[in-house]
Every structure is written in C-alpha cells, then in structure tokens.
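K.L.:
This is what each chain is made of:
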Amino acid sequence: MENLYSFTACELLDLLDRKSVRPEEIIDSIYSRSQSVDAKIKGYIRLDRDAAIGRASRLPASGRLRGVPVAIKDNICIEGELTTCASRILDGFKPPYDATVIDKLKSEGAVIFGRANMDEFAFGSSCENSAYFPTLNPWDVSRIPGGSSGGSAAVVAADEAIVALGSDTGGSIRQPAALCGVVGMKPTYGRVSRYGLIAFASSLDQIGPLAKDVRDAALMLGVIAGYDPKDSTSVNVPVPDYVSFLDGNIKGAKIGIPTEYFVGGLDSEVDSAIKQAIEVFKGKGARVSEVSLPHTEYAVSVYYILATAEASSNLARFDGVQYGYRCKDPVNVLDMYERTRGEGFGAEAKRRIILGTYVLSSGYYDAYYLKAQKVRRLIKEDFEKVFNAGFDCILTPTSPTPAFKLGERAADPLSMYLSDIFTISVNLAGVPALSLPCGFTGSGLPIGMQLIGGFFEEGKLFRMAHAYESSTDWHKRSPQL
Amino acid sequence: MDYEPVIGLEVHVQLKTSSKMFCGCTTEFGGSPNSHTCPVCLGFPGVLPVLNKKALLLAVRAALAVGCRISGEVKFHRKNYFYPDLPKDYQISQYDEPLSENGKIEIMSGGTAKTIRVKRVHMEEDAGKLIHEEGENSSLVDFNRSGMPLLEIVSEPDINSPDEAYQYLTNLKLLLKYLDVSDCDMEKGSLRCDANISLRPKGDKGLGTKAEVKNMNSFKGVKAALEFEIGRQSGLLDSGERIVQETRLWDPEKNITISMRSKEEAHDYRYFPEPDLVPFALDGNVAKAQKASLPELPKARKERFMNLLGLPDYDAEVLTQEKENADYFEECLKNYDKPKTVSNWMMGDISAYLNSRAMSITAIKMKPASLAGLLKEIDSGKISGKMAKEIIPEMCDTGKEASVIISEKGLSQISDVSELEKFADEAIAENSKTVEDFMKGKDSALMFLVGQVMKKTRGKANPAMVNEVLRKRLAGKK
Amino acid sequence: MSIKEDKIKYVARLARLKLTDEEVALFARQLDGILGYVDKLNERLDVAKDAVPMSHPHAASNPFREDEVRGSASSETVLANAPQKKGDFFKVPRIIEE
Chain A
0 MENLYSFTAC ELLDLLDRKS VRPEEIIDSI YSRSQSVDAK IKGYIRLDRD AAIGRASRLP
60 ASGRLRGVPV AIKDNICIEG ELTTCASRIL DGFKPPYDAT VIDKLKSEGA VIFGRANMDE
120 FAFGSSCENS AYFPTLNPWD VSRIPGGSSG GSAAVVAADE AIVALGSDTG GSIRQPAALC
180 GVVGMKPTYG RVSRYGLIAF ASSLDQIGPL AKDVRDAALM LGVIAGYDPK DSTSVNVPVP
240 DYVSFLDGNI KGAKIGIPTE YFVGGLDSEV DSAIKQAIEV FKGKGARVSE VSLPHTEYAV
300 SVYYILATAE ASSNLARFDG VQYGYRCKDP VNVLDMYERT RGEGFGAEAK RRIILGTYVL
360 SSGYYDAYYL KAQKVRRLIK EDFEKVFNAG FDCILTPTSP TPAFKLGERA ADPLSMYLSD
420 IFTISVNLAG VPALSLPCGF TGSGLPIGMQ LIGGFFEEGK LFRMAHAYES STDWHKRSPQ
480 L
Chain B
0 MDYEPVIGLE VHVQLKTSSK MFCGCTTEFG GSPNSHTCPV CLGFPGVLPV LNKKALLLAV
60 RAALAVGCRI SGEVKFHRKN YFYPDLPKDY QISQYDEPLS ENGKIEIMSG GTAKTIRVKR
120 VHMEEDAGKL IHEEGENSSL VDFNRSGMPL LEIVSEPDIN SPDEAYQYLT NLKLLLKYLD
180 VSDCDMEKGS LRCDANISLR PKGDKGLGTK AEVKNMNSFK GVKAALEFEI GRQSGLLDSG
240 ERIVQETRLW DPEKNITISM RSKEEAHDYR YFPEPDLVPF ALDGNVAKAQ KASLPELPKA
300 RKERFMNLLG LPDYDAEVLT QEKENADYFE ECLKNYDKPK TVSNWMMGDI SAYLNSRAMS
360 ITAIKMKPAS LAGLLKEIDS GKISGKMAKE IIPEMCDTGK EASVIISEKG LSQISDVSEL
420 EKFADEAIAE NSKTVEDFMK GKDSALMFLV GQVMKKTRGK ANPAMVNEVL RKRLAGKK
Chain C
0 MSIKEDKIKY VARLARLKLT DEEVALFARQ LDGILGYVDK LNERLDVAKD AVPMSHPHAA
60 SNPFREDEVR GSASSETVLA NAPQKKGDFF KVPRIIEE
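Protein chains in written order, with numbering that gives the first Met the number 0: chain A, 0 to 480; chain B, 0 to 477; chain C, 0 to 97.
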C-alpha cells in the first residue's frame, strides 16, 4: 500500500486489523519517508530501521496499538538503548530499565521507532538547545519547530512518525504542536507515570502524546495513562476510554476566554485565528464567555524560579561518577565534577542550573522560592475558580506567535522564556491542556489553540477538540517537503 | 578556671526494615560491592523514590517512645551537596518540618534523675561508602549502604559531662532496641554518633564556641573523645586562646581528636521540598495505633518488676538492661512464680554461662519454660541446687528438659524417708563416738553424720531431709 | 569585577560547574535581566502573603511501598555505564580537602 506513513494510527490499526498491511510494511514506509525528508527536518537523533523491523516482527498477539510505530523523545528511558536528553553529559548512557510509558506501549504492541530530538534536558522552546543539531520546522525550514519536544512535533508534522511521545514542563508538548500544526496533549499532573522520564522539574513534568489528529491523541493517552506504584506523584484515578468522548456533542458546553491572554504581544494573525475558532465553537452550540485568571502575569516568573530550582537539583546527579560523560584526566574529585559538568552541559542547561542554584541559595529562598510557591497556589486557585463555576474548558492561543526564525531569540533568554507565556500556568496548576491546529498565517505557518480543562478532565478536552476538528480541515494539511 | 561542658549529640540509627527506604533492595549488612543496589538507590536518571511504609512506622514508634510530638504531615526535603558517595548529589531528608519534635530522655546523673531534651527526630536516607585506596590517586565507591533508612535523633545541648553523654546513649540504645526499631550495632554502622561540645565558665549561661566531633565507633569512644575535648578546650581557654569552630575526627588508636583542617566550605544545602514525594498524611490514628503497640519501656518495666514482683532495685535494673533478658525472665515466671528465685538463677549461673561464651540469652537452647521446670525440680527436692548448677550448662547447650537429664544421668536426689532412715541408722551405728558427742549437746556433731549419709548416697540425698531423719533417729535413742 | 559576577562564581561553585570568564560575564548580565523580570513578584509582596506554599499539584494520598525485598540489579548492570570502575566498585579520582 502506498504512503502508509501519511495515515493516522487509527487508520493503520484498521488496516492491520483487516490484515491489509503488516507491521513491517508500516515501518518500511515510515523509514523510507524519513530517509527522504529528515535531512531537511533533522527531527530524529537516532533511527534504527533493523531494530524497529525486529520489534515489529515480535509483537504481542494483541494490543491497542499493535503495529503502530511511535517516536520517542530522547528524555524517556528505553532499556538498553541510548537515552541522552540531547545532552553531551549523557554520552553513551543506556538505561537498564524501561520508563513505565515505554512498558505500556510495548505491552500494547506499539513499535518503538526512532528517538526524537529535543532541547537539551527539555530546556528551551525552539529545539536549538540540542547538543546534536537544531530541528527545523517542516512548514518553513528557516524556522524553529518549537520546543522542547520539537523533534517529536516535527516528525509527526512531516509524516516521519505516526505518533510521538513528548514531555511538557511549561509547554514543551503544546507549543511545538502548535508551531508544527499537530495535536499535542499535556495530561493532568499525575495522570501519566513519570518513572523513566529523565526529570527536568519534577513537580511540573508530564509525558504526553503528539499526533496528527485528536483521535490518535486520545487513543495514545488511554494507553500511557494510569496510576504507577513506582511514581509516588501519579494519582490513582481510573482511566476512562478517551476515544468514547469523541461524540461531537458540545451543545451547551461552556468555554471560558481569559481576558489576561489577549493583551499586548499577541500576533494579530494568531489573534484572529483564535477569534474565528471561537465562532466555530459557538456555531456548534457552545456557550462562550470571558473569564479571569488574574495571576497570569506572574506565571513566567513563578515558573522560572520553581522549574530551574528543581532542575538544578535534578541535574546534580550528572557528575561523572556512575554514568555518562566524564572529563579527561581529572586531578581530583572537585576537578572531575566541575569540568565534567562544565564540558558536558550546554549553555542553556548551565544558565538554568545557575539560576536554580541561585534562587535556592542561602538568603534568597524566601524571596524567590517560597514566594513563587505561594503565587503558584494562587495560579492554581484561579483555574479552580473557573472550573468550579461550571466551565468545561478554557480557550487560549497556544503560543503568542507562530514559529520564529532560527537564531531569532537565541541570544535573549528572556524573550525565549516569554514564548511559553500561555502554556506555563497550566503546568503550575497541574491541570490538563491540549493544543490543536486552528489556522495558518498568510505565509503558511500553522497556528495552534490551547484548550485547558479541569483536573482529570482530559476526556472533555478531547470531546471539545474533536468537535472543532470535525468542522475544520486544518489538521489535514501537510507541509510541502 | 572551672569549666562546664555543654554537649549535644546527633545520633543516627538504621531503622530495622528488610528493604531500603525508597526501593526494594535488601538492607542486609555486607555483600560484595554494589550488589545490594538498583537504579533507584543509585539515583539513575528518571527513577523515582517510593517510601517504605515500615520505615515510617518505625520512625513514628521511636519518636513516640522519646515523647516527641508527631507532625500531622510527613514532608521530605532535598539536601543538596556533592559527594561521590551520594548518588543523586542530594540526600532525601527532612528539614523545617521534621517528623517529630520536643521529646526527652531520662538519665541518672550523680545519683539524681536528669532530663535531656530531644530537639527533633527525623528520617533520612543513608549514603554509600567510600574507600580510599592507599597509595593510589583514587577512591572506590560502594553504594550498598545507599538508601538505607535512617533515623536522626538530635538532642538539645543539655548534656554536661562525658558520663551523661554515655548514659544518654546507653538509654537511647536500650530504648530503640526495646522498640525493635533498630539493631543499634555500632560495628555494622547501624548506630552512629556525632557530638557538639563547647565549654563555658561554671555558672555562666552563655554558650562557647563549639567543636563538632565525629568518627567515634563506640560509646566508650564518645566518652573518651569528649573527655579529650574538655582537656583540649580548657587548655586553650586557660592560655587565653580562641576555640575554632570546626569539625574534629576522633582517632581511637591515639585517643585524640584531630582537626579536619579543611577550610570548610560554607554549608549552603539549598533545602527545598522533595517534589518526587507528596507529603504523607499521618492522622491521629496512625500515631495512636503506634502508641498502643509500643511495648512497655525499660523504665516502666523496671518499676513494675520492683513494685509488683518484689525484685530489689539491683535485680530489676540488671534484668531490664536488655529487653531479651527481661522477656526471658517474664516468660519463665509464667510457669514458676517465684520472681526472686528466677532472678537469682538468671543473674548467677545463666549469666555466667552467657558471659563465658559471649552469647545473648536469645542464643541459648534452654527455653524459659525449661528453666521453670528445673527450678520446680529443686523445690520438690528431686535434685539439689548443686545438681542444678551442673545441669544448667547442658540444658543451655542442648535444650533438653531438666527431667530428661536427671534420669539420663541418674541424678535424682534420694527423698524417700525409709531409704534415708536405712542410711541414717548405718551412720549412727558406725560412729558411736560422734553420736555420744551429739547426745552430750555438741550440735555440730550432727553435721558430721549428715556428711556420712551424703557420702553413702554419693551426694544424692536431700541434705535437709537427712538432717531431719538423723535428728528423729537420734532423738529416739535418748 | 562586579558583585554580580562574584555571586555567579559562588553559585557555579555550589553547582560544581566550571565556567569560563566569558560565561560568568554573560550569565551575570542575563540573570540580571531575568531576575529583573522575576522581581515583579516581589514588587507586590502582599499578593501572596497568606497563600499556602504549593509544592505539589495534588494533596497527600500516602503511596507507600510495603517493606518487601525485591532483589537488586546485577553488578554487571549497575556498572555497565560506569566511566571508570575497579572490580565491582565505581572508581573516582582522589578526594582532596577543598
């Protein structure tokens, strides 16, 4: 069969079910697609056809994803396979264990296919901070794909992957999904196990799917979600059948539009795409009204204090003792630590370690960390108030601008940090959110909108997103490669 | 000048669990290097801690036993510092809201009771072990100990002499062993102690500059190190010198403390709440259940032994020094209700047996009920106390009942009156001179006759009965 | 050298990061900008005065492990990634007094 790489996971499962294709054929199709386009996109760090074919030929007898290839962000551990967080410091590291999500994918018959590029340790919004190479936006290769799950978003957008896993600490799934024109879901904190996800900021990180449409995202989340006794922060709430929420019925659903998100800095084309999307929802019977998330203006500050503080501690273990990179000929332990880390980490990782160490250091804790934790509470309460008032979701732009040029913000970290301004609050509150395509700029760049839900209301988000998607065809467009 | 030492102790004990604090690796002592490790206790990327329930319950138990107030929520913090034995380069510990605070331990000081306040009791994970290679430019790391569950017990600086420190440690250890919270084995590192000590002129209320002393490997070592420090610090003060705040290591070979000499980096541990562990709710019921399950503590037990069982202070003290001894004692009383007799035998022959073999009471084969059986045999007159002394080592060695050994060895004492009368008559007939002496009123002559009967029975006669029988027969001759 | 660079050096030492002079200068400048932005938080200190600090999105649910020995990894597995080892030990350069 032709062009199997352009199918969705659900379409492929249907073909597999009817024995119209074999899993190995899908691998071959997607592998040859990658061979022809990835030189332009550079979405994959590692791609091993033979290994994937081998796995495809040894699948369990049944499974919800049986035969579907899944690209994996390079910060999710796979037993015996290089897992480096796109960092030099994890040179050669092969984890002796699978992340829980990998376990689940394998037992449902998914074929682990390729390691997607990312900003080093998920630090970034552009994929330029990879120690390997930057990934480029399939819609315009002079632009960034977003980040940090830029590789995952780009390979799905470029039809080099059917679906992918990413991780989202402050928007790292949703922002690249928006910039690459695909669907990306950041689940409720605790919905998906973090065991085996190499931590950036433990109280914010979640793994989630990137997919070509809402149905695939719903299917994927159903597979990877669930309580994990190995992750004390995962939550024991039953996992519903997310696909069953895709009934198209959103009549009477209440959508909130936060006034704080439509202020200066919002690109006018993004603004008008969101306004049109609101009209689509109204046309399907949803009730739309303004809501307030008054502490939004503090979110970026709170985030960069908490996230970097946690990261500075999480990244301490990369010290050259047990695994990964060690500097040449250290004269003593201190020298080993300082040079290993100085040589092993890239600039953004160092910047964040310095910032995180600074805000936790003696004399600064109360002014920064403690204060940030208090404001974090207020940000969470902002969301709770809206959902307690009966809103089913909150609609915002995912990113204030479409994909920017490679190098455009690299020299100014603050401007880079501000590109997460619409996605960060969601991680601080712990609520779920997804991004889906809602239009294109005049120059053909994708625009994404974000739907935010209450705790563990991923099903509602999928229903809303699917209803919108069914009335539009943005998700059907493909980049010319 | 006369100085008063001000001492605070920080004790770490390993909680008695089978698996580590946050993973399923064994807590067994030893093992080849890094054989008791897994990705979690090695802090590999992506792994997460899951708290061992028993570790928390044991910690609560210990905290309750020293009278601490238990926090309603158990929060862990990360203590950040780099060291090659610390796999994650942070330690999961507790910080501003520890498990429990404000407890106390009673000690005796100069014959009067004294309370040492316990500032806090909290949980943390242990680090690995570094081995410095002699003559090599390198060190080796073994992470077997990494992630062992520890309890840190911090005293207020209420201790004013090395002897009080020794007592505090002894009582704390006794308590923790009683509770079955820890083995408190210093040799295996399951109990470690650091001391802070400063001096102040007697009568002063202020605090002097303190030194932290580490590396003591026994309670006696703690005492000796503190004694050394008092000498060192008072010498410095007397000659007008300043005490430097520093960490000093105890050298047990040379019996001195040595400055670590390091220009110590300012401690900036950057504590913050451990994001991988959601705080644990400890509702009143958990504490209540633990409180209810607390065994009787040594002090209360000693008092009960004195007040209800009528033991002298000394006996009660000795028996309650080890929980196992007190348990054995009470178990024996279930079958034999003369507490003082049991106490005498335990502190006498049984203790001698244990000491000669450096064993603890739990290691002997003689069950408490068997000891009760032996004592009953003495009471019934079947054997003598002297015979019992001979039997005890065999009972301890083999676990055989006294009655079995008695019949195997034909040790049974002759208590049959008619048989004894036969031997008494023989003795009277053979020793007319002695009988005459007795008749004349020389009472001690009777002892000779008793001896003769004992000889004839090869020691098997019951001496009290022989005495009685002889008197009766001799009275008949008057 | 400005005070800010001193602070960067102090923090870099705490974090065991060797930085070049250029990096120190760059980070000092950039952190100044970032912290300037972050200080918005402190300009309105009253905002969160009474809020309870939030470390986790969800409240306690006591996810304990029972005290069971699950077995350890083989030393081969444990040491497979080691940059340097000796026998079954990880090997590191000597620790000197700092």
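There could be a bad hint or two in this list.
Simulated crosslink set (DSSO-like; lysine-lysine; CA at most 30 angstroms straight-line) [unchecked claim]:
id: 1; chain 1: A; residue 1: K93; chain 2: C; residue 2: K84
id: 2; chain 1: B; residue 1: K408; chain 2: C; residue 2: K8
id: 3; chain 1: B; residue 1: K52; chain 2: B; residue 2: K290
id: 4; chain 1: B; residue 1: K213; chain 2: C; residue 2: K3
id: 5; chain 1: C; residue 1: K3; chain 2: B; residue 2: K187
id: 6; chain 1: A; residue 1: K93; chain 2: A; residue 2: K105
id: 7; chain 1: B; residue 1: K459; chain 2: B; residue 2: K399
id: 8; chain 1: B; residue 1: K399; chain 2: B; residue 2: K421
Listing some non-contacts, in silico: residues in chain B with all C-beta distances to chain A over 12 angstroms [to be verified]:
id: 9; residue: L47
id: 10; residue: N136
id: 11; residue: D184
id: 12; residue: F218
id: 13; residue: L236
id: 14; residue: S238
id: 15; residue: T246
Simulated from the structure, these hints should not be mistaken for laboratory data.
Using N, Cα and C, we set each Cβ at its ideal position, and we do this for glycine too.
K.L.:
For L236/B, is the shortest beta carbon distance to chain A beyond 12 angstroms?
P.N.:
For L236/B, whose nearest Cβ neighbour in chain A is about 31 angstroms away, the distance exceeds 12 angstroms, so it holds.
K.L.:
Quickly compare the C-alpha distance for K408/B and K8/C to 30 angstroms and report which way the hint goes.
P.N.:
84 angstroms, violated
K.L.:
Grab the minimum beta-carbon distance between T246/B and chain A and tell me whether it stays above 12 angstroms.
P.N.:
For T246/B, whose nearest Cβ neighbour in chain A is about 18 angstroms away, the distance exceeds 12 angstroms, so it holds.
K.L.:
Quickly compare the C-alpha distance for K3/C and K187/B to 30 angstroms and report which way the hint goes.
P.N.:
The given pair, whose Cα atoms are some 48 angstroms apart, is violated under the 30 angstroms limit.
K.L.:
For a C-alpha distance cap of 30 angstroms, please report whether K399/B and K421/B respect it.
P.N.:
34 angstroms, violated
K.L.:
Hey, does D184/B actually stay past 12 angstroms from chain A on C-beta?
P.N.:
At about 29 angstroms from chain A, D184/B clears the 12 angstroms cut-off, so the statement holds.
K.L.:
Hinted pair, alpha-carbon criterion (30 angstroms max): K52/B, K290/B. Please report holds or violated.
P.N.:
Roughly 16 angstroms between the alpha carbons, so the hint for K52/B and K290/B holds.
K.L.:
Would the hint linking K459/B and K399/B be met if the CA-CA limit is 30 angstroms?
P.N.:
21 angstroms, holds
K.L.:
K213/B and K3/C: Cα distance at most 30 angstroms?
P.N.:
The hint is violated at about 37 angstroms.
K.L.:
Far enough from chain A: is every CB of that chain over 12 angstroms from the CB of L47/B?
P.N.:
5 angstroms, violated
K.L.:
Would the pair K93/A and K105/A pass a check requiring their Cα atoms to be no farther apart than 30 angstroms?
P.N.:
18 angstroms, holds
K.L.:
According to the definition I'm using, a residue is off the interface if its beta carbon is farther than 12 angstroms from all beta carbons of the partner; does S238/B meet that for chain A?
P.N.:
Label holds. Min Cβ-Cβ 35 angstroms, cutoff 12 angstroms.
In summary, the numbered hints that this structure violates are 2, 4, 5, 8, 9, 10.
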